[in-house]
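Here the protein sequences come in this chain order: A and B.
My numbering puts the first residue of the first sequence at 8, with every later residue one more than the last.
My numbering puts the first residue of the second sequence at 283, with every later residue one more than the last.
Derived by calculation from the structure, the hints in this document are not laboratory data.
Some hints here could point you the wrong way.
Each pair of labels, with its calculated beta carbon distance range [what the hints assert, rightly or not]:
id	chain 1	residue 1	chain 2	residue 2	range
1	B	Gly369	A	Ala101	41 to 47 angstroms
2	A	Arg120	B	Pro613	55 to 61 angstroms
3	B	Lys351	A	Leu195	30 to 36 angstroms
4	B	Ser514	A	Leu195	37 to 43 angstroms
5	B	Gly369	A	Ala150	53 to 59 angstroms
6	B	Lys298	A	Gly118	45 to 51 angstroms
7	B	Ala421	A	Leu105	31 to 37 angstroms
8	A	Leu195	B	Ala421	44 to 50 angstroms
9	A	Leu265	B	Pro433	56 to 62 angstroms
10	A	Asp154	B	Leu347	56 to 62 angstroms
Away from chain B, derived, C-beta distances all over 12 angstroms, residues of chain A [to be verified]:
id	residue
11	Asp182
12	Ala186
13	Gly191
14	Ser193
15	Asn194
16	Leu207
17	Pro237
18	Arg282
The beta-carbon is built from N, C-alpha and C at its ideal position, and this holds for glycine as well.
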Amino acid sequence: MAVGAIGAPKGIAGRALGNRSLMAGVALLVFIILLAVLAPWISPYDPNDQDAIASLGAPNAQHWFGTDFFGRDVLSRVIWGARVSLFVGAVSTAISMLLGGSIGILSGYVGGRFDQGVMAVMDVLLSFPQLIMGLIIVALLGANLTDLILAIAITAVPPFARVARGPTLSLKERDFVEAGRALGFSNLRIMLVHILPNVLDDLIVMGSLWLATAIRTEASLSFIGLGLPPPTATWGSIIREGFENLLDAPWLAVFPSLAVLIVMLALNMIGDGLRDATDPKAAVS
Amino acid sequence: MTNVVPLKTPPALAVKDLTTGLKIRGIWHQAVRGVSFEVMPRETVALVGESGCGKSLTAMSIMGLLPAKVGKVLSGSVTVDGREVVGLPEREFEGLRGNLVSMIFQEPMTSLNPVLPVGFQIAETLRRHRGLDGAAARAEVLRLMNRVQIPASARRIDDYPHQFSGGMRQRVMIAMAVACRPKVLLADEPTTALDVTIQAQVLNLIAELQAEDGMAVLFITHNLGVVASIASRVVVMYGGDVVETAPVDDFFQRPSHPYSAALLKSVPRADRRPDSLEPIPGQVPTLFQMPDGCRFQSRCAHVMEVCTRRPPLLPGGGRPDHQMRCWLGRPEGGL
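Taking the hints into account, I'd like the entire structure generated from these sequences.
Have a look at this one:
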């Protein structure tokens, strides 16, 4: 079946497994996720235990990443911070994928003025830089975990809506949609069962890239003081605390920043790899 | 006079004075006007005509699948298994489609969802109308795949459409359409996109399913060869009008409407010299240019003054159930 490979899940899986940068990204991400999940068992210290004597200690054998102003172990804080940062990123991305995907498919499927109206709203939202948007929403909602997740999720709804709407516009004109109608399928069934699977790979690729953005947004919001209140360790809040001592104790900001960087890198490698693996044009070449 | 009313089977599909409008540039045009025909259970009626004559629009009117806002049934009635479907609320109509009346399409290559396994897609009809799911649905899907003669069905049930040939995909489409044993099957040029040998197989398959389930089949085609081999009655359309309706043998022996006659002369036949083909001059007028009265007058060799008035259905051919919409059928002859 030489011709048959296009779009086949087996083909996608095969190409995904053969894609080195994708696999490296997955390995990195799995490593970080394991760290986060296993935090209670592997973190060397309690992330909030203060030790006045060890204040602003440089990295050493006891504290690999050094200690902060309160003498807290930075490695432990980075590991525990991964939990919050990854959780906020993953949940907010999942929410925006669900919301944005639904809005995009519905808007594209219904079409006409409804579509124009919805997309105009999305464009307005899209025109705000993400951080500003997040700022506005956090300022409106407040800064607890749920609202932070919601704020980050809402900023990412428009791009997901766009990604889902585009293909829906052409998919709804396809013969299999007409055939579905002739078999008595409702519009809801056609959208969920027949259009959604066709836009899902685009949504997932987008999701892996936006997960990185969501984690970065959380870090940025925390950095400017709009994240979770202290002492909760998140990567952004650790960087912020470290920023004040950047010149005399650079390790405070450097290590959590590296953590953010590694996750960004991993997710971008995954996103690019997934795009290549699910792109039928790439399969032919 | 006797009180005994002769028992007559009611038609599975009855279309009566169906007029369907299309809105083009803000104006409604009658794209199908006053179409009437009946299809009995187990019967195959062929709806014939060239592109743009209103065949597919008639089918879409029957299915309630006219494009929203730009297409609607203006008047007339369509009954499926005795139920009036014109004006039926969309929710109710959905319950009939795929259940009481089904349709198969011209393009098997694109009528299946490329990202879903064929077994899942066949099961979709059963989930929708029969509430079947899980193992029960799978068993029924396998039975259906065997019924439409897809070899190695157990192995192929989880394959994707791209792994099937065009003929096999059309079988999958047929399996989906007949899954709920509909009373009426509309086949819109289901074999046009297939190789000739595969065409014959698919036609045979439809005939077999029809014999088993007693479906009425409305076969839409422009292929007169296919008509001759499967249909018992022919309905010829031109410019949205039914111009001739006849039993199939009478139609081929005595095509009466000038359009039907010209159509038959323009098709190559084994018993005629190939250079005897006569094309029909001109082309079907667009809805804007459609003449009043007989719509074929602009291309007709027998055009008369009276043709500016719309002819009624008049007798044609040699039998009472052979009718045509042409003034040539007037008792006094073609004056």
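Right, here's what the structure says about each hint:
| no. | hint | in the structure |
| --- | --- | --- |
| 1 | B:Gly369 to A:Ala101: 41 to 47 angstroms | 44 angstroms, holds |
| 2 | A:Arg120 to B:Pro613: 55 to 61 angstroms | 56 angstroms, holds |
| 3 | B:Lys351 to A:Leu195: 30 to 36 angstroms | 20 angstroms, violated |
| 4 | B:Ser514 to A:Leu195: 37 to 43 angstroms | 40 angstroms, holds |
| 5 | B:Gly369 to A:Ala150: 53 to 59 angstroms | 57 angstroms, holds |
| 6 | B:Lys298 to A:Gly118: 45 to 51 angstroms | 34 angstroms, violated |
| 7 | B:Ala421 to A:Leu105: 31 to 37 angstroms | 34 angstroms, holds |
| 8 | A:Leu195 to B:Ala421: 44 to 50 angstroms | 27 angstroms, violated |
| 9 | A:Leu265 to B:Pro433: 56 to 62 angstroms | 59 angstroms, holds |
| 10 | A:Asp154 to B:Leu347: 56 to 62 angstroms | 46 angstroms, violated |
| 11 | Asp182 | 4 angstroms, violated |
| 12 | Ala186 | 4 angstroms, violated |
| 13 | Gly191 | 4 angstroms, violated |
| 14 | Ser193 | 6 angstroms, violated |
| 15 | Asn194 | 9 angstroms, violated |
| 16 | Leu207 | 8 angstroms, violated |
| 17 | Pro237 | 47 angstroms, holds |
| 18 | Arg282 | 16 angstroms, holds |
When each numbered hint is compared with the structure, violations occur for hints 3, 6, 8, 10, 11, 12, 13, 14, 15, 16.
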